[in-house]
Structures are given as structure tokens and as C-alpha cells.
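A.B. asks: Protein sequences appear in the order of chains Z and Y. Position 292 of the first sequence, counted from 1, bears residue number 292 in my numbering, the numbering being contiguous throughout. Position 166 of the second sequence, counted from 1, bears residue number 166 in my numbering, the numbering being contiguous throughout.
Among the hints, a few may not be true.
A pair holds if it fits inside one copy or across any two, identical chains being indistinguishable in the list.
To be verified - Straight-line C-alpha distance at most 30 angstroms; calculated DSS-like pairs for lysine-lysine:
1. K2 <-> K15
2. K186 <-> K111
3. K18 <-> K270
4. K15 <-> K51
5. K270 <-> K19
6. K273 <-> K18
7. K111 <-> K270
8. K186 <-> K273
9. K51 <-> K290
10. K93 <-> K111
Hints listed in this document are in silico derivations from the structure and should not be mistaken for laboratory results.
Protein chains: 2
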Amino acid sequence: MKVLVTGAAGMLGRKFCKKLAETGIIAGRNVESLTRADVIESPAIADAPFKVRSVACDLSEPRVAEELISDRPDVIVHCAAVVSGEAEANFDKGYRINLTGTQYLFDAVRKAIYMPRLVFTSSIAVFGAPFPEVLGEEFFTTPLTSYGAQKAICELLLADYTRLGFFDAIGIRLPTICVRPGKPNKAASSFFSGIIREPLNGQEAVLPVPDTVRHWFASPRSAIGFLFRAAEIDGSLVGPRRNLSMPGLSATVGEMIESLGRCAGAERVKLIKRQPDPVIMRIVEGWARKLDASRALSLGFAAETSFDAIIRAYIEDEHLDI
Amino acid sequence: MKVLVTGAAGMLGRKFCKKLAETGIIAGRNVESLTRADVIESPAIADAPFKVRSVACDLSEPRVAEELISDRPDVIVHCAAVVSGEAEANFDKGYRINLTGTQYLFDAVRKAIYMPRLVFTSSIAVFGAPFPEVLGEEFFTTPLTSYGAQKAICELLLADYTRLGFFDAIGIRLPTICVRPGKPNKAASSFFSGIIREPLNGQEAVLPVPDTVRHWFASPRSAIGFLFRAAEIDGSLVGPRRNLSMPGLSATVGEMIESLGRCAGAERVKLIKRQPDPVIMRIVEGWARKLDASRALSLGFAAETSFDAIIRAYIEDEHLDI
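Could you put together the complete structure from these sequences and hints?
C.D. replies: Below, the structure is given as C-alpha cells:
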């Protein structure tokens, strides 16, 4: 199997490539080669049992996508995107990277006339408030950010291109990924990871929203599991509605903090500093609190069922001594 | 008021411009000028009480949109589109005209930095089966044609651009327009008008689907009413969800034919020839049968409540002697 990962230097891209190097298998078959594309240099992979090519490139420039798929990858994992906060701050960049770049990739595959599995990382940002306590599988997409609009548009393109037989794609609507390793990013959701990650690393964290805020989460480990499952699943089981809300865990900030206390002790909880930020609060108010992910669950996608499990996954995967 | 109409030579565009010339008023104010754009020459308008400019142009070519809005029209009615059958038969043309052309128009307005009311004619083709008997206001858009995907994508852009204050737009999801005057077109829905129009004109009509097929209709007269209402409505009453399912009438083909008999006599009904067409049947099976249009109704949009009224509107508006 030849695999292409876009956004390979991003958090999910890196973890996906690392896991791929560990197992050497995708969709039940041996990986022959991996192409990693990102605007920045992708980090080295130690001891990959297959050929690795890294390309620093901008997918939103003409002809880049054609070059990336020139070896006709069997699986394309398309993670490349500008995050929500940046897409909101920079309208042109957001649409260029998140929409035009995706269109270029989709059209390059269409014109290459072959049938790869394409996995697209969409987001719960396709939904916008007001909505019911639990978002049903048939709830409409009325995003309240440009990022959400861009993801929703790509979902529509993905479904139409798949219907027309240009490729065989699955869009996976990721919950907010938590706990993200590393540094805060420009996503408005960044603090959700920060209030767990920074205390676990002995650092202070800023909480810009009230404890009552409820949101929808999955760990990076689960997200990587979604990508592998989406790469292997029989498309005929999915049917024409190719965009799936991924399973997750619905938790309040208060519940997250209690969980932190249980997993790592009350002292670490004291590192969380409450500094209300009305801009972030306004954005977060427009986000989903809980989704019905029955379809994805029945198709074999799985996520954590407690926030303790999410924190423990972070501690294990990042090799923390707690 | 300066008004721009794209697709001005199309059925809705022509009727809208004719009505505008009759009244000379839009959104409660006098019309100062009208720009009519279409790929073909727009038909002449007799005795318009305002300046009329006609431009034969392709909106999907760069810089055309900028030229069209150079006089900063207060109201833009964007009807230009390739119809469903043609968009399905010609992938490139469909996306170029229906998506790229709309993006060019939206971006031209965005860059002109002013705040027109933009009215976009969307379609019930944004919905795709399977769905419930009545489609709720929050039902998701999973189109089963490229035309539907293009309309759904433009709806998302429209909402995002409006949210960001680039313009003040309303998307109106038109029911299937029936009875369309003139000749059949390439829309897969064309026969719905044909089985009424041709018999009323003493000609044979082909019915490619069973009498039990149920669909969602409004007359051209109602559609023009929607456009005028959308041009004048207070945007703050609409809120952030800028795409509205227009009211219509749910009727079966059998009910339509009964209505034809009541309005024009049994002899005309005999002109309908049943010739099942599996391709058209397959497309039509994916279409909505009935919509909840409560939001639009509460915002003052109105349509026929009987198929007899739809047929009588056609007889009156086309000056038939029946």
C-alpha cells in the first residue's frame, strides 16, 4: 500500500505516521511507501519498515497536488488545514488552505482516474448553535466560523466526488482533540487541552470559560484510531452519506477538572487560573456539546467513555511520570 | 435603488425583470437602474421606468463579476446557474458556473466593501433521500446530484460571508417551479411542467414517472414573489441561518393530472403519454416530497395552497384562452 498524508507535520499527521511506522500495516495490508506533505518539514521517522518521502509544499498552489499523488497512493489521509482561530483571523488564508487546497487535491485525484481511499478530517465545527442537547445524525450544518464552513463545504465535495466514482472517501467529523500534546495552538479550543496538559507538566494554565461549559472530546489516540478505521472500512457499509460524526465523550470543564484531580492530584488543579475571555466564550458557545455518533459506532469507530481514560491516554502516550 | 440580476435571460430572471419594470419598485423604493447579466442576450423590456443595461457575459470568467457590480447595486438577484440535468451531464461546466461563478460574484462584492442585499436562488436539490415524509427546518443537506451539492456549497458561503458582514444575503430554496412557460429544459424535473403545459397548449406530453410520485411545487408567480420578498425583508428577522426553505405545495403526479382535468377538461388529460424512464425516475426518487417551510411562512413568504391555483396562475400569466 502506498500512503499519502497531508498535514503530516501537524499533531494528528505526526501521530498517524508514527503509528504507521510501528505497525507497517494499513487496511490489513503492508505499507510499501509513505509520502508526507506539509508546509513545513515533517519530522523524521525512526525505523520505518517502508520507504518515506517528505515534501515541504503548499497544497493550495497549482500543480502541487498532482505531484503529491504522482505515485497513485492507495490511501490518502488529508489532514492539512489551517485551524479555526487562524481561519477566522485570516479569511483569505483560511479559504485558500482549507477549501482551495482541498479542491486541488480532490481534482488531482479525479483527473488521475483511479480509485484511492481518501480520509478527510472534518470537524464538529460544521455545526452551529442553537442546537438541541444532543445533535442527531441528520442535523444540519450551519457553521458559525469560516473554518466550520470550509469543512462543511469539503464534506459536500467529498460526497459528490465519491458518488461520481472519482475516489472512495470518508469524512470523519472529529470531536475536539484533547489532550493535545505540545504547545497551545491558534485554535479557539486550545485551552481545553491546556487546562489538563499544563498542570500535568507542572505549569499554569488559563481557563477562559466557565466550568459549566460542556463540549465533545476524544483523545489523540482515538483520533488516530478513527483514521486507521476510516482507511480500512468497506465503503459499501458506509453508503452514500460519506461524512460521519465520530464518537466522543461529552464532558463539562468542571468534570474535566475533577478528572484531573483524580488522575494527578489536587495540587495540579490549583495551577488552573480562571481568566474569562468573552471572545473565546462567544466562539465556544456556538459549539456542539454532544453528538449522536450511532452510525460511526456501528461501523466500528470507538472512543473513550470517561475523561479519566482521556487523561490516562495522554499520560501514557506522552510517557509522563505521574 | 440599483438592481443587478444574473441569469436575467432565464425564466425567473425574465419574469423578475418584467415585474420590476411594471412596478418600478423594490424593497419599497424606486428603482433607478437595472443591470441584466446572462451568457446570452437578455430580451428587451418595454417601457421600463428606469435605466436598463444588458450585459452578455460569463460570470465564471475572472473580472466579469467586478465589472457587473461596478455601479454598486443595492440589490443583487443571483439566479445564474446551469440546471440539474446539465450539471450532472457536464461536471466541469456545472462546478464552473454554479460554484466558481458564484464565488467570483461573492468575492467581488466582498472586495468592493459595501453592503448590498444579495438574493440567491438555491433549490430543494440540496436535500437527498432517504428522508422523512416531511423535511424539517433543521434537516441536513446530503444532495444526490452535483447541482444540489453546488447549491448547498453556495448556501454555506452565503451564510459565512453574511456573518462576516461582506454582504447581507438571503438564500431561498425554491420548490420545483411549475408550470414553467416555454419549452422543456435540461432539468430532470422538466416533465413536471410539461405534463401540464403541453396539454394546455394542445400538445402531447411525456410522463416518465408513475402517478404516485410526490413532489414539492410553486408557481413562477410565487417564485417571483419570493425574490421580491427576499429583496426587502429585514435581515435581522432572518438571523444567522440565512438559507430558507420556501413554501410550496406537496402534490402527486396523479393529483396534478386530476387538477389539469378540473381546470382544462378531460380531453387535455388524454394528451399525457406514459413512457417510464428509469434514469429520470432514479433522480426524482432522491428528491424531497414535502418541506416544513414554517420559517419562511412566518417571514412573509407565500405560495399556492392548491394545484388548481398553480394551473390557474399559469393560464392567467401566459394569457391562455381556457
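A.B. asks: Could you run down the list of hints and mark each one as holding or not?
C.D. replies: Hints, verified against the model:
1. In this assembly of identical chains, K2 and K15 lie within 30 angstroms of each other by CA distance solely inside one copy; the values are 18 angstroms within and 55 angstroms between copies.
2. Within a single copy, K186 and K111 get their C-alpha atoms only as close as 34 angstroms, which misses the 30 angstroms cut-off; across copies the closest is 26 angstroms, which meets it.
3. In this assembly of identical chains, the alpha carbons of K18 and K270 never lie at most 30 angstroms apart, being 34 angstroms within a copy and 70 angstroms across copies at closest.
4. For the homomeric pair K15 and K51, the shortest alpha-carbon distance inside one copy (17 angstroms) is at most 30 angstroms, but the shortest distance between copies (63 angstroms) is not.
5. When the C-alpha separation of K270 and K19 is checked against a cutoff of 30 angstroms, the pair qualifies neither within a copy, at 34 angstroms, nor between copies, at 69 angstroms.
6. Taking the shortest alpha-carbon separations for K273 and K18, neither the intra-copy value of 34 angstroms nor the inter-copy value of 64 angstroms comes in at or below 30 angstroms.
7. Taking the shortest alpha-carbon separations for K111 and K270, neither the intra-copy value of 56 angstroms nor the inter-copy value of 48 angstroms comes in at or below 30 angstroms.
8. With identical chains, the CA atoms of K186 and K273 are at most 30 angstroms apart within one copy only, with a shortest distance of 19 angstroms there and 63 angstroms across copies.
9. In the homo-oligomer, the alpha carbons of K51 and K290 never lie at most 30 angstroms apart, since the shortest distance is 41 angstroms inside one protomer and 55 angstroms across protomers.
10. Proximity of K93 to K111 under the C-alpha cut-off of 30 angstroms is found in both arrangements, the shortest distances being 25 angstroms within a copy and 15 angstroms between copies.
Hint compliance for this structure: hints 3, 5, 6, 7, 9 are not met, and every other hint is.
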